[in-house]
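Student: Which chain is which? The protein sequence lines are Y and R, in order.
For reference, each letter of the first sequence is one residue, going 756 to 1024 in the working numbering.
For reference, each letter of the second sequence is one residue, going 35 to 776 in the working numbering.
Treat the hints loosely; a few may be bogus.
[Claimed, not checked] With a cut-off of at most 16 Å between alpha-carbon atoms, the simulated EDC-like pairs for lysine to aspartate or glutamate come out as follows:
id	chain 1	residue 1	chain 2	residue 2
1	Y	Lys-998	R	Glu-770
2	R	Lys-188	R	Glu-110
3	Y	Lys-1007	R	Glu-361
Because the hints were derived from the structure by calculation, they are not lab data.
Keep in mind it's a predicted model, so treat the numbers as computed, not measured.
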Amino acid sequence: MTDGYHIVVCGSVVPDPLQTLEPIETPTGPALKNEMMLPAVLDPWAAHALYEAANLASKVTGSKVWLVSVGPKAKLQQVMMTIAQRVSFELVPVDSSASGFADAHSTAALLAETIQSIAGLDRSRLLVFGGWESASRGAGATMQLVGERLEILDQFQGVDQLSVQADGSFEVLERIEAGRHQVSVCQGPPALFGWATGNLPEPRNNPQVGMANMRTVMPALQRAKSEPLPAGGLHFLSATPPKQQRQTRVVKDLSPEQIAQEIAEWIGK
Amino acid sequence: MASTATPIKPELLRTLPSDAARQIQWRFADRYDLQMLVQSARSVARGPVARLVANGGRNSHEWTPAKAELLKAFDESGITAVFMDPEQGGFIAGPKNLALALVAFELAWVDGGAATASLAGCLALAPIHERGTPEQHTKYMGLAAPPQAGEDRKPWRGSFCLTEPIPYVGVDTGMLNGKIRIAEWKEGEEPTLQVEKRGRFITNIGFANFVTAAVDSGDERIKGSCMVILEEGDPGTFDRGTPTRKLVHQLSSTGDPIFSLCIPASRIVGGYDVKDGVILPRYNHSEVIEAVFRRTRVTVGVMTAAKLLSAVEPVIRYQRGRFRGAETATPGSVRYELGLQAREDALHRLVDVWATGEAGAALGFAAARAFDELDPLEREADKLLAAQGVTSARARAKLQREASERAADLVRLPAGLPANDAKRAQLESDPLLRFVLLDSLADVLCPATKLWNTGWGAQMMREAVSLMGGYGITEDCPGFLGNKWMDAQLEATYEGPEAVQRRQLSITMTNPLFRAQFQAWIREMRGIASERPGTGACALATAMGMWLWTLERLQHSTDADGGRLYQSARQGVTFPLADALCWLLAARCQILDAIELEQRGPSDPAVAEGLAGLANFMTDLCHVQSARASGEVARICAELVFGYNRHPAWDEAGYRGCYQQDELDSLEGIIPGIGSYGLDVIGNDGSHPKKAGPCAKCHGAEQFLSLQTKLSTCLTGCRLSKDRAAEAISKLMIPEALDYPA
Chain Y
756 MTDGYHIVVC
766 GSVVPDPLQT
776 LEPIETPTGP
786 ALKNEMMLPA
796 VLDPWAAHAL
806 YEAANLASKV
816 TGSKVWLVSV
826 GPKAKLQQVM
836 MTIAQRVSFE
846 LVPVDSSASG
856 FADAHSTAAL
866 LAETIQSIAG
876 LDRSRLLVFG
886 GWESASRGAG
896 ATMQLVGERL
906 EILDQFQGVD
916 QLSVQADGSF
926 EVLERIEAGR
936 HQVSVCQGPP
946 ALFGWATGNL
956 PEPRNNPQVG
966 MANMRTVMPA
976 LQRAKSEPLP
986 AGGLHFLSAT
996 PPKQQRQTRV
1006 VKDLSPEQIA
1016 QEIAEWIGK
Chain R
35 MASTATPIKP
45 ELLRTLPSDA
55 ARQIQWRFAD
65 RYDLQMLVQS
75 ARSVARGPVA
85 RLVANGGRNS
95 HEWTPAKAEL
105 LKAFDESGIT
115 AVFMDPEQGG
125 FIAGPKNLAL
135 ALVAFELAWV
145 DGGAATASLA
155 GCLALAPIHE
165 RGTPEQHTKY
175 MGLAAPPQAG
185 EDRKPWRGSF
195 CLTEPIPYVG
205 VDTGMLNGKI
215 RIAEWKEGEE
225 PTLQVEKRGR
235 FITNIGFANF
245 VTAAVDSGDE
255 RIKGSCMVIL
265 EEGDPGTFDR
275 GTPTRKLVHQ
285 LSSTGDPIFS
295 LCIPASRIVG
305 GYDVKDGVIL
315 PRYNHSEVIE
325 AVFRRTRVTV
335 GVMTAAKLLS
345 AVEPVIRYQR
355 GRFRGAETAT
365 PGSVRYELGL
375 QAREDALHRL
385 VDVWATGEAG
395 AALGFAAARA
405 FDELDPLERE
415 ADKLLAAQGV
425 TSARARAKLQ
435 REASERAADL
445 VRLPAGLPAN
455 DAKRAQLESD
465 PLLRFVLLDS
475 LADVLCPATK
485 LWNTGWGAQM
495 MREAVSLMGG
505 YGITEDCPGF
515 LGNKWMDAQL
525 EATYEGPEAV
535 QRRQLSITMT
545 NPLFRAQFQA
555 WIREMRGIAS
565 ERPGTGACAL
575 ATAMGMWLWT
585 LERLQHSTDA
595 DGGRLYQSAR
605 QGVTFPLADA
615 LCWLLAARCQ
625 ILDAIELEQR
635 GPSDPAVAEG
645 LAGLANFMTD
655 LCHVQSARAS
665 GEVARICAEL
675 VFGYNRHPAW
685 DEAGYRGCYQ
695 QDELDSLEGI
705 IPGIGSYGLD
715 VIGNDGSHPK
725 KAGPCAKCHG
735 AEQFLSLQTK
745 LSTCLTGCRL
755 SKDRAAEAIS
765 KLMIPEALDY
775 PA
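Pulled out of the complex, with its shape left as it was, chain Y reads as follows (with noise of 0.2 Å):
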C-alpha cells in the first residue's frame, strides 16, 4: 500500500455518562429528558476507532481519515471543540437524530449513503471504522449494516488491534470470549472494522491540529445537511433505565473486617 488509506470513520455524540439519563416518552417515541440540553461527547467507542483511524493514518503516508457524523448539528458543534484538538481529520456531518432510539438500519443507510457521497473517496483504499458498540444503546449492529449497504465483505467485530503486515494485509484481533481474541488475517482494503477499545491511549490535545480541522469542520457543519431518519417500523414498548439499588443502614463502630464480610455476604444473595 503505497497510496495511503481513505479510512472512514462512523461516528456521533451521546449524552455525557455523567448525566442523568432518564428515558421519557414522546409523540414520536422514546426519548431522552432533555436531551438536547446536556452536555454532549464523541460516543466512547467510535472514539477509540477515530484515535487508532489516525494512528494508522500516522503511520501510511498518504493516508485520510474522514469522520462521518449523524446526529444534531449543534452538538456536533460542540463535541468538535474537543475532539478536532485530538487527531487529524475531514468531518462529513449529517444534520440529524443521534438518539439511541433511532433504528440501526436508518442509520446504517444514511451512513453508507454519506460515505458513497465523499468526493475523491477510492473504493480501493477504503477502510470503515466505527464502535462494535455505542454508548447511547448498543444494538451492536449498525456497522454491520452499513458494511453490507457498501458491499464490503471483510468485516470485523469487537477489534482491539489491527496491524499492517509487510505484504500490505491486516493481522486483525478481534475479542471472543474469556479475555482471549481471534486473530484473523485480512488482504487488504476495502475492508471494515468495529473497534472495542484498542490499546491506544486517548491522543492529547493539540491546538494547532484544532485550528487546523476547524478550517474544515466549520464551513462543514454551516453545509451539512439535514435529514430526518425513519423510524422503520421500530417500535418500542417501555423504555426505563437500568434498576439502581440502594440499601443503607447506618452503623457505627463497625471493624473493616465485619464491613468486608457483610458486603461479601450481600454480593453472594
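Could you slot chain R onto chain Y? The hints should help.
Tutor: The following block gives chain R in isolation, referenced to the frame of chain Y:
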C-alpha cells in the same frame, strides 16, 4: 394599587446552563478558537489538576514534581501558548484578554492555584508583550512557547517581580526596592548593569528561567525606574529564596527571591536611549506595570466568579441527598427527594450565591472583552498620535483630554434625533474618540472586577461553604469548596489589594467621560426595564441615579467641620462610593448577559430547547442581584450623604429648630391638633424628648430622599423573583456526579 407588570412565566430551569448558553452570554459563540480553548483548559482542570488536589497536592508549600507535571499539562493543552501570537507558537490571533479570562475561569473552577500558576507565566511575559522591543518580543515569546512537534526543548518559564519588599526591614511598600547601577560602560559598547533586587511573594519563582523585575536607578547615569529581564544564567546570584508558607493557592510556586546579577542594558524592557551620557529607559516601571496590571487583574476577578458558579452543583447535590439513607427518609418522601431543599432558607441562600457568581462572571468577561476591543484601538491611537508628531507624554495627555471632552459631548447628545445620530456617528468613525471612550470604561471595569468579584466573592464563597454544613470545611467536601473560600481571600489581595483598586476607582469613576456613559446607562436600564421589567433594571437605574447624585453632591460638599469630602485622603468617602459603583456595574453586566442569551438563544438549537426556563431563571437572578445591589448602594449613599453632617444636639442651636411647649399650646387654639405633629418639643421647664437630639434636617438632600423612597418601591417584586429562582433550583436536573474527583 397597581400590581407588578411582570407576567408569570411558568417555565422553569431544566438543567444547569450549557456551554452553548455560556458562549452566548459571554459573547464567544462565534469564536471556535475560544470554544476549543475552554475545552482544553477544562480537561486539564478537571483531570490532572483535580486529581492532584484530591490526592493532597495542596498539603505542601514546596514545588513538587507532581505540581511540576501541571506545567507540562498546560503546555500540552495549549494553555501556555494562549498568550502567544501564532507566529510565536500560539494559536489565537489578536487580543487575548477574553481568552486568558476563560482559561482562568476553567482552571479556577477546580483550583485557584493552578490558575495562578498558568497566569503568572503570562504576567512575566506581559511587560515584554506590552512594552518590549521587537528583539525582546521575538526572543522571550519564542523561548516561552511550548515546543512544536519535532522540537526537543523545554519551554522557558517566567516570573514577575515587582516592588514588595520584605516587611520590617525599613522599606516602604510604596517604593521600589530594587536598584540598577552601571557596572561597566566601555566607549562605543553597550553598558552592563548591576541589578540588586529582592522580591516578596513572587509567583512561579520556584522554577522560573527568567524574571521581569521592576528596579529604580541607583546611579546618576541612569534616569528613573524601569523593568529589566533577568535570566537564571546571568553572572551573579539568582537565589529563588524559601517557599512562602501559604495557606492558599498551594499549586502555584511562591517565594522570596534575591537577585544580584550583571545584565546587558539591552534587557531594559522597551529599550533605552542615551543622552548626554545618561541612560534613559523608554518606559519607566509604572508605565509598564500600568499596561500590564490593568489587563491581568481582570482574570483574577473572573477566577473568584468561577468558584461561586462551581459551587452550585455540589451544593445542590448535597442539599438533595442530605437525608438519604436515614430511616425517616424513604424514597418518595419530601425528605428523601428534596432533602434540605425543602427549606426556603437553603434555596434562597443558594440563589444569592448563584446570582453573585453570574454577576461576577458577567462583569469580568465584559471587562475582558472591553480590553480585547481596546488593545487594537490603543495601537491605532498611538499611530495616529505619532503621525501628528505627538511624542511627549504631556502633549499626548492634552490631546487625549481634548478628545475625551469631545467624546463626552457626543455621548451626552439625546438619542432619537437624526442630527444627533449623525454627530454621534463620529464616535464610531474616529479611532481616537473610540479609544478614549473605551479607555475610560476599561479604567473603571478592571479595578471594579478585581475589587468586587474577589472581595464580595470571598464573602459569598463563605456562604457557599456554609451551605454544605460541617462538610464544607473538610477535605472531603465535593468541589473543594473550603479551599476555594480560602483561595478567594488571596485573590482579593494579590495583584493589588482591595485598597489599591478602590483608590484607582475613586479617580477613574470621576472621569467626565465615564460619567457621561454612566448617565447613558441609566437611560439604557430604563429602556430595558420597559421591555423586561422582571430583570430589576428599573431598580438598578434608580440606584445608579442615586449613586451619581451622591457622587456629584460629595464632590462639592464639606463635612460638619468644613473639610472637603471628596478628596484623595478622604478614603472614608471615596472608597465606599467605589464599592457602591461595583455593585451597580456587576448587576448591569448581568442584565445585559441575560438579554443576550434571551435574544440569541433561539438561533442555537442546543440552547433553544429549554431556553424559556433558562431565560426566566437568569432574569430572576438579575432581579435578585439588582435588588441586592440597589440596597447596598442606598445604604452606602445614605451614610455618605448624611453621615458627615453633625447631628443636632439639645443645645441652643438645636433648640432653634424646635417648638416650645407654650408656643404649641397657644397655637392649639388656632390650629387644633398641631400639638400631635410636634416631635421636637421643648418643655416649659427646658425638658426635651429622650433621644439623641432634635431630628436632623435634610436641607439640600430632598432629591436624595425622593430617590430613596423611589428606590424602596422599585424593589417591588424582587422577592417574588427570588422565590421563583429558588423553586427552579429545587427542580432542575443535575448530573449524577461531579465531573472531577473531589
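Student: With reference to the structure, classify each hint as holding or not holding.
Tutor: Now the hints, each set against the structure:
For the hint linking Y:Lys-998 to R:Glu-770, the alpha-carbon distance of about 14 Å falls within 16 Å, and the restraint holds. A threshold of 16 Å between alpha carbons decides the hint, and for R:Lys-188 with R:Glu-110 the separation of about 12 Å falls inside it, so the pair holds. This hinted pair checks out: Y:Lys-1007 and R:Glu-361 have alpha carbons roughly 15 Å apart, not beyond 16 Å.
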